Amino acid sequence: MKQVIRALGWLSKLIWIVTILLPVTFGLSMERLFQPDTIGFGEATTSFVNNEIRISLPFYINNTGYYDISNISLTTVLKNSDGKNAIEGFTFIPAIRAGSKVNASHKIDVDLDELTGEMEYLFFNDTMLNLNVSLSLEFAYILGVSLHTNLTIPWGAPLHNLTIYRITFDQSTGKLIIHVTFENHSPLTLDGKLQITVYNNANEVIGNQYLPVEAVPGELFLSEIPIPIDLSKLTNNGHVLLFFGSKEFSAGPIKREWSLYE
Amino acid sequence: MNEVATMDWKSLLRRIVPRILKAVLWCLLIGVGFLLLESFLALFFFDFYPEAQKLFGIFTWTILVFAFLVKVSEGTIYKYMFMIGRSFFLILYFIYATNGGVLTVRASEFFEGAGLYITLQFAPIVVLLVLGSLLTMIKDIIQAINFLTETQV
Chain D
1 MKQVIRALGW LSKLIWIVTI LLPVTFGLSM ERLFQPDTIG FGEATTSFVN NEIRISLPFY
61 INNTGYYDIS NISLTTVLKN SDGKNAIEGF TFIPAIRAGS KVNASHKIDV DLDELTGEME
121 YLFFNDTMLN LNVSLSLEFA YILGVSLHTN LTIPWGAPLH NLTIYRITFD QSTGKLIIHV
181 TFENHSPLTL DGKLQITVYN NANEVIGNQY LPVEAVPGEL FLSEIPIPID LSKLTNNGHV
241 LLFFGSKEFS AGPIKREWSL YE
Chain U
1 MNEVATMDWK SLLRRIVPRI LKAVLWCLLI GVGFLLLESF LALFFFDFYP EAQKLFGIFT
61 WTILVFAFLV KVSEGTIYKY MFMIGRSFFL ILYFIYATNG GVLTVRASEF FEGAGLYITL
121 QFAPIVVLLV LGSLLTMIKD IIQAINFLTE TQV
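In the order they appear, the protein sequences are chains D and U. Residue 147 in the numbering used here sits at position 147 of the first sequence, and the numbers go up by one each step. Residue 23 in the numbering used here sits at position 23 of the second sequence, and the numbers go up by one each step.
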């Protein structure tokens, strides 16, 4: 019986030693990981693939700890005020061995079909978006760590307040003058074309015009667009439809009634 | 008759008082150890996980009480009962205090303005803690049986 007691005593001591040593070495290993050169980021690049904007953020992780880091996954989800996913990004790294360095990139996909379809208002209205960032990983295949944060970030619409604020008819030239304005609140330079289609009150197209548009971030765009009209179909009133199209996305139409008698 | 009773009391006190003093001294030593550990943990851990301070207090006092009882009951079967009780408490404590090995803390102390939540999953370590306590408990039970056998022979 004494031998059994002794054996159990040693076994439990061994387990206690291992149990105490594991968190201590985890702590020391993590401390090494909090050194400055452990994680670094490169310059973000943007590409267009299958009607999706892919923002790629390269980064590296230098595992200076004593243990392998495995199942690293980083997820970023940008949600609109209704809680609908607007932008999603996901990165998974299976493992980083102790003492080794891994280069990877976090890819964020922006589905333009979805953005121009269900969330078209994001092109025209500034709003607040919720950014959910989740990072999870495993130390030594034992200790799981997950970080989750929820941030509110402002969204600047590229065509903020796109408005046809005035429509006049120039009888001398037979052109309809459309006054258009918007403000580029996005951080990107807007480079595309505005298409204006004029309809009479019988819903027939009586004029169509394209206007090249370039607006740097923060720029207030103001323009008068003269549109030649098919005078044979001209009526006293009608409506215009306004579209915006660029390589990256298209938005519209914005509808506005017009009348020769203001 | 009174003289016999006084003699019994005296001999009982003579036996018990040194034991109590020894136990108190032992508890003081352990207490100092826990105090040092607490002040070390207060440097970084309690800010990060404030609930741990309360849990640490419960752990410290329970261990001290058990240490006192074990020391006082040295040489009796009660010593083993208290040791088994202590191991049983540790098993329940480790499971409860660690929430079964999944802890979520809000780390806004470090990242102001951001609602950062950190979840730690360390179930294998909790399994080891429980296993260690369980083995200690089994050992205590066998020791208790051994004690009974030896004292009855």
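It should be emphasised that the hints constitute simulated quantities derived from the structure, not laboratory data. Incorrect hints may have been included.
[Stated by the list, open to error] Computed spacing ranges between beta-carbons, pair by pair:
(1) D:Phe34 / U:Val65: 47 to 55 Å
(2) D:Gly9 / U:Gly115: 21 to 29 Å
(3) D:Leu220 / U:Asp47: 30 to 38 Å
(4) U:Phe45 / D:Ser100: 49 to 57 Å
(5) D:Phe90 / U:Val32: 33 to 41 Å
[What the hints assert, rightly or not] With the C-beta cut set under 8 Å, the calculated list includes, among others, these residues of chain D facing chain U:
(6) Ile5
(7) Gly9
(8) Leu188
Since the structure is predicted, the reported quantities are computational estimates derived from the model, not experimental observations. Where a beta carbon is used, it is the ideal one built from N, C-alpha and C, also for glycine.
Quiz item: When the nearest CB of chain U is found for D:Gly9, is that gap smaller than 8 Å?
Solution: 6 Å, holds
Quiz item: Does the Cβ-Cβ separation between D:Leu220 and U:Asp47 fall within 30 to 38 Å?
Solution: 48 Å, violated
Exercise. Please test the hint of 21 to 29 Å on the beta carbon pair from D:Gly9 and U:Gly115.
Key: Violated - the Cβ-Cβ distance for D:Gly9 and U:Gly115, about 47 Å, lies outside 21 to 29 Å.
Quiz item: Using the C-beta atoms of U:Phe45 and D:Ser100, is the stated range 49 to 57 Å upheld?
Solution: Check failed, 30 Å falls outside 49 to 57 Å.
Quiz item: In this structure, is the beta-carbon distance linking D:Phe34 and U:Val65 contained in 47 to 55 Å?
Solution: Given about 39 Å between the Cβ atoms, the range is violated.
Exercise. Hint says 33 to 41 Å; check whether the CB-CB distance for D:Phe90 and U:Val32 agrees.
Key: About 51 Å separates the Cβ atoms of D:Phe90 and U:Val32, which means 33 to 41 Å is violated.
Quiz item: Does D:Ile5 meet its interface restraint, that is, does its C-beta lie within less than 8 Å of any C-beta in chain U?
Solution: 5 Å, holds
Quiz item: With a cut-off of 8 Å, does the beta carbon of D:Leu188 approach a beta carbon of chain U closely enough for the hint to hold?
Solution: 26 Å, violated
In the structure shown, a violation is registered for the earlier hints numbered 1, 2, 3, 4, 5 and 8, in ascending order.
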